[in-house]
Amino acid sequence: MTQAFDREAERFATIAKLSNTPSEARAALVDEYKRRSEEAFAPSTLRNYRQMSMNFRIWCDERGFQSEPPIEPKAVAAYVDFLGGKIRATTIELRLWAISEMHRAAFMPSPCRHRLVVLALKAAKRKYGAGVRQKPPLCKAEVLAAIDRLGSSRLEIRDKAVLWIATDSWCRASEIVALKVKDLIRQDDGASLLYIERSKTDQYGQGAYAFLSEAGTGAVLDWIDLAGLKSEDPILTKSQANARICSLDPLTITRIIKRCTGRRDVSAHSTRIGGVHDAFRIGCDLSSIMVAGRWSSPEMPARYGRRILATQSAAALVSKAVSEEIATSGE
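In this text, residue positions in the sequence shown follow my numbering: the first is 1, and each later residue adds one.
Quick caveat, the hints were computed from the structure, so don't treat them as lab data. Glycine is no exception: its CB is placed at the ideal position from the N, C-alpha and C atoms. Warning: the hint list may mix true and false statements.
Claimed, not checked - For each label pair, taking beta carbons as the anchor points, the in silico distance ranges come out as:
1) I185 x V318: 33 to 39 Å
2) V318 x A105: 52 to 58 Å
3) A141 x E32: 53 to 59 Å
As the list claims (entries may be wrong) - Within a straight-line C-alpha distance of at most 25 Å, the following computed SDA-like cross-link-like pairs (lysine to any residue) qualify:
4) K74 x R88
5) K86 x R47
6) K182 x P250
7) K74 x D61
8) K122 x P109
9) K135 x L251
10) K180 x S153
11) K258 x D222
12) K34 x E68
13) K180 x P43
14) K320 x A310
15) K135 x A146
Please work from the sequences and hints to get the whole structure.
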């Protein structure tokens, strides 16, 4: 507690010192912060930050609140009240992060730490809930059935490669589209490893590996040969023969999966969730599931698998055992 208090006191002391810095030096410092943040944050993070901060400024202007730092805590609390029930609690927290970042970039204290804002967020969670609606799982059997329905056209050969990578590797869409031909590492048993250079949870490029089965490897090699791809080219590109070779957009992976499976409720993440369901169903332990999906914490795979885990809980096992005992005694 003392350490946390000291860090907070140090932060405010730094801000107080900067507030007395001459305007020219302060402006130079703000410019340097902007430059360094653009180098430090992922492009998607910067895009989201700019969009969220712009939305907040527009909201403030429409309601007569000051839209540039320093922003009063009561304005931020009112913004949380406005968002409650319209977007998820986790998204509201992202919006608050953007507001905090607006103030950090100006070397000002964040109003999001104020008790009014904290209480507003708690009230929104209590009233509207804090749960995250999970995409439905897309398990391997259903993906393989979709692959079996595909023919041998150029588009379908590319789509087979997409589906195999998605169901075997449990990769996120952003990881799938970033794969290059050189990232396919063949193994002696006919299967392959996919080298994941960067990911959502590995922004600094420490790297990781994902699995690709023998059948999946064959499908990917068929596409690479057909498309004439070279080592530095992305594995998955547009299917047209004369198209420019470039990486697909992550949203395209979702569109391909929806088209091939005929399901409108799934996304590229559904194969990742489905992989967890399949793993729990056959009795894999949580640590092996974390390795397969490259999770550093058990929280997400446990959340993804909670439906399956409920069917394997003590209550489910007791119910099954008693039903079998009754059926046996009645024979």
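Hint check results:
1. I185 x V318: 33 to 39 Å: violated, 46 Å
2. V318 x A105: 52 to 58 Å: Hint holds: Cβ distance 56 Å, inside 52 to 58 Å.
3. A141 x E32: 53 to 59 Å: holds, 54 Å
4. K74 x R88: holds, 21 Å
5. K86 x R47: holds, 21 Å
6. K182 x P250: holds, 20 Å
7. K74 x D61: Holds. K74 to D61 sits at ~15 Å (cutoff 25 Å).
8. K122 x P109: Holds: K122 and P109 sit about 21 Å apart, inside 25 Å.
9. K135 x L251: Given that 25 Å is the threshold and the Cα spacing comes to 15 Å, the pair holds.
10. K180 x S153: With a Cα-Cα distance of about 22 Å, the restraint between K180 and S153 holds, given a limit of 25 Å.
11. K258 x D222: Since the Cα atoms of K258 and D222 sit roughly 22 Å apart, the hinted pair holds (cutoff 25 Å).
12. K34 x E68: holds, 16 Å
13. K180 x P43: It holds: about 20 Å lies between the C-alpha atoms, which stays within 25 Å.
14. K320 x A310: holds, 13 Å
15. K135 x A146: holds, 19 Å
Checked against the numbered hints listed earlier, the structure breaks hint 1 alone; every other hint is satisfied.
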